[in-house]
Amino acid sequence: MAALRRVTGDVKHAPASLSTLDVLWVLYDRVLRVDPAQPDDPDRDRFLLSKGHGPAAYYAVLATKGFFPADWLDDMAGPASRLGHHPDRTLVPGVEVSSGSLGHGLGLAVGTALGLRAQGLTSPHVYVLVGDAELDEGSNHEAIAYAGATGLDNLTAVVIDNRSATHGWPGGIASRFAVNGWTTVDVDGRDHDEIAAGLRHRPGHGPHVVVARVEPKFGGA
Amino acid sequence: MRERFISTTTTLLDDDPRTAVVLADISADSFAPAAKRHPDRVVNVGIREQLMLGVAGGLALTGLRPYVHSYAPFLIDRAYEQIKLDLDHQRAGAVLVSVGASYDASAEGRTHQSPGDVALIDTLDAIWTVHVPGHEDEVPALLRAAARHDRPVYVRLSTRTNTVAHPDADKLLVLRRGAGGTVVAVGPMLDRVLAATDGLDVTVAYTHTPRPFDAAGLRAIAGDSVVLVEPYLAGTSARLVTDALSDAPHRLLSLGVGRTDLRRYGPPDDHERWHGLDPATLRERIGRFIDR
Numbered sequence: 000m001a002a003l004r005r006v007t008g009d010v011k012h013a014p015a016s017l018s019t020l021d022v023l024w025v026l027y028d029r030v031l032r033v034d035p036a037q038p039d040d041p042d043r044d045r046f047l048l049s050k051g052h053g054p055a056a057y058y059a060v061l062a063t064k065g066f067f068p069a070d071w072l073d074d075m076a077g078p079a080s081r082l083g084h085h086p087d088r089t090l091v092p093g094v095e096v097s098s099g100s101l102g103h104g105l106g107l108a109v110g111t112a113l114g115l116r117a118q119g120l121t122s123p124h125v126y127v128l129v130g131d132a133e134l135d136e137g138s139n140h141e142a143i144a145y146a147g148a149t150g151l152d153n154l155t156a157v158v159i160d161n162r163s164a165t166h167g168w169p170g171g172i173a174s175r176f177a178v179n180g181w182t183t184v185d186v187d188g189r190d191h192d193e194i195a196a197g198l199r200h201r202p203g204h205g206p207h208v209v210v211a212r213v214e215p216k217f218g219g220a
Numbered sequence: 000m001r002e003r004f005i006s007t008t009t010t011l012l013d014d015d016p017r018t019a020v021v022l023a024d025i026s027a028d029s030f031a032p033a034a035k036r037h038p039d040r041v042v043n044v045g046i047r048e049q050l051m052l053g054v055a056g057g058l059a060l061t062g063l064r065p066y067v068h069s070y071a072p073f074l075i076d077r078a079y080e081q082i083k084l085d086l087d088h089q090r091a092g093a094v095l096v097s098v099g100a101s102y103d104a105s106a107e108g109r110t111h112q113s114p115g116d117v118a119l120i121d122t123l124d125a126i127w128t129v130h131v132p133g134h135e136d137e138v139p140a141l142l143r144a145a146a147r148h149d150r151p152v153y154v155r156l157s158t159r160t161n162t163v164a165h166p167d168a169d170k171l172l173v174l175r176r177g178a179g180g181t182v183v184a185v186g187p188m189l190d191r192v193l194a195a196t197d198g199l200d201v202t203v204a205y206t207h208t209p210r211p212f213d214a215a216g217l218r219a220i221a222g223d224s225v226v227l228v229e230p231y232l233a234g235t236s237a238r239l240v241t242d243a244l245s246d247a248p249h250r251l252l253s254l255g256v257g258r259t260d261l262r263r264y265g266p267p268d269d270h271e272r273w274h275g276l277d278p279a280t281l282r283e284r285i286g287r288f289i290d291r
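Residue numbers (numbering that gives the first Met the number 0), protein chains in the order written: chain P, 0 to 220; chain A, 0 to 291.
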C-alpha cells in the first residue's frame, strides 16, 4: 500500500487498480516463481495482466518486489515515464504482456501455456488476471472454451469480480468456466490465505479459475 | 499455392522445433498428418479467429515461430485488433499465411474476400514483410526464409497465378525496358501486365514482395510516368511510390481492386474484368495514361 500511495494521476482507473491489489500481492509474494534478477528465465511462471486498465497496483507490487526502482512510481504517465495507464512489456521490467484493450490476455495466456508445453517446459505455470466486466468480450470465451476442451492444465485464470459487468453473469461467473471443463473456486478477494489456497495448482485437472470477489465498484452488495 | 504452403510448412514442422502452426479449422485436414507427429505444435483452435491470433502471440512470446493460416478476411480483417495488439504491440512476430485474396472465392461473395488486407497490414509497424507470390514455385522459399527470423510476415496466397515463377523478385525485377513509362506488377498481376503492355514502349518490373517496398529500385528505373498494378485495393502502395519519388516530378496511375462490393458471383476471371484488371482493360488504361 505504501508503494501504491506513491502512484498518482490515473484517478479514473483507481477503483480498477485497487480491486486487483490483494490478488496481485498474493501472486507475487506467495505463488509466482519469478525472479527480478532473471527476468528471461524460461522456467519462470508467467503472469499476464489482462485487466490492464488501472495498473497502479500492479506497478506498486512489481516495484516492491524489485522489478524496477520504486521512484518510477512517482511519475506515472509523465513525459519521460515508462509507466503508462496501461502496461507495456517493452518498457516495464516484469511485465509479460502489454495490455489495455480488454479481452486479449486470456488468448495470449492460452498461447503462452501451449508454447511452454510444446517446448517441454513443464514447471512454469501461466496465470492471467481478468475483470468480470472484461469477460463481456467474446474473445475471452473463445479462449475459455478451447482451454477447457483441450485440458490445458498449466493455466490458471483469476477473475476479479467487483460486479461491474453491465448485465451481470446469471448463474455466476464460475459457471461460465465450469461448463467448459475448468475447475473453479470462489474466494474472498481480500483474504490472502483464501486467495493463496484458491490459486494452488492442481496438476492434471485442466485449466483452473479463481473468482475473487471484492467490494462492488458501484456500491451495493 | 495452398498445397505448397502445406507441404513446405509440414517440412518445417519436421525439421525445425521452433515451428508451430495455428489454424481455425481452415486447412486443418491437410495438416492432420503433421498434427499427429507434432500434436503440441499444430494447434487448431476451432472457428475462433481472435483466439487463433492470441495463441500465435503467446506462442511467439515463448520463443516459437508460429505460422498462422486462414482465409484472408478471417485472418486479417476479422482478427485485425489481435494482429495489432497480440503481435505488433507485444513485438511478437508470426508468419500469417492467407488464401482467398481479393476474389479467388468469387462465388462465395464479399464475406470471403479481402481486397483490403495489405492496406490493413500497412497500418501496422513498418517492420512487416508482405509477400504476394505470383506463382506456386515462389512460395516455398518465402516461407522458409520467414522461419529464419522472428519478424512479422504476411504471405498472401492466391489461385490467380502467372505462368513463370520469378523467385528472385524480392526487389523489383526488370523484365522489359522501355522509355515511355514504368509499370510495376505485383504478384499474380504480372502476366496480365505483360499481355497488356505487349508492344508498348514501357519498362515492366515485377515483385512478389511489395513490403518492404523497393524504393531504391523504383528510383533507378522510374521515369516521369509510373503505373502500379496490384491484386488488392487500388492505391495501396501509392504512398510508397510517392515517398520513393518525392524529389522527382512524376505522375502515378494506381490500378487494383475497386472499393465497391460488387455483389456479383461468377468466376474470378469475370471479377478481374469488372475491376479493370484483365489484359484488355489494362491495355486501355495504361495506354491512355502513357500517351497523355
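Mixed in with the good hints there might be a few duds.
Computed footprint of chain A on chain P; a stretch qualifies when at least three of its residues, placed anywhere within it, have a C-beta under 8 Å from a C-beta of chain A [as the list claims (entries may be wrong)]:
| # | segment |
| --- | --- |
| 1 | 48 to 59 |
| 2 | 112 to 124 |
Chain A stretches covered by chain P per the calculated footprint, using a threshold of three residues with CB under 8 Å from any CB of chain P [said to hold, decoys possible]:
| # | segment |
| --- | --- |
| 3 | 45 to 59 |
| 4 | 84 to 95 |
Residues from chain P that face chain A, not an exhaustive set, calculated with beta carbons under 8 Å [what the hints assert, rightly or not]:
| # | residue |
| --- | --- |
| 5 | Thr-63 |
| 6 | Arg-88 |
| 7 | Pro-92 |
| 8 | Ala-142 |
Please keep in mind that the hints were generated in silico from the structure rather than gathered at the bench. Quick reminder that beta carbons are idealized off the backbone N, C-alpha and C, glycines included.
Do the hints match the structure? See the list:
no., hint, verdict
1, 48 to 59, "violated (count 0)"
2, 112 to 124, "holds (count 8)"
3, 45 to 59, "holds (count 12)"
4, 84 to 95, "holds (count 5)"
5, Thr-63, "violated, 25 Å"
6, Arg-88, "holds, 6 Å"
7, Pro-92, "violated, 15 Å"
8, Ala-142, "holds, 5 Å"
Hint violations for this structure: numbers 1, 5 and 7, all remaining hints satisfied.
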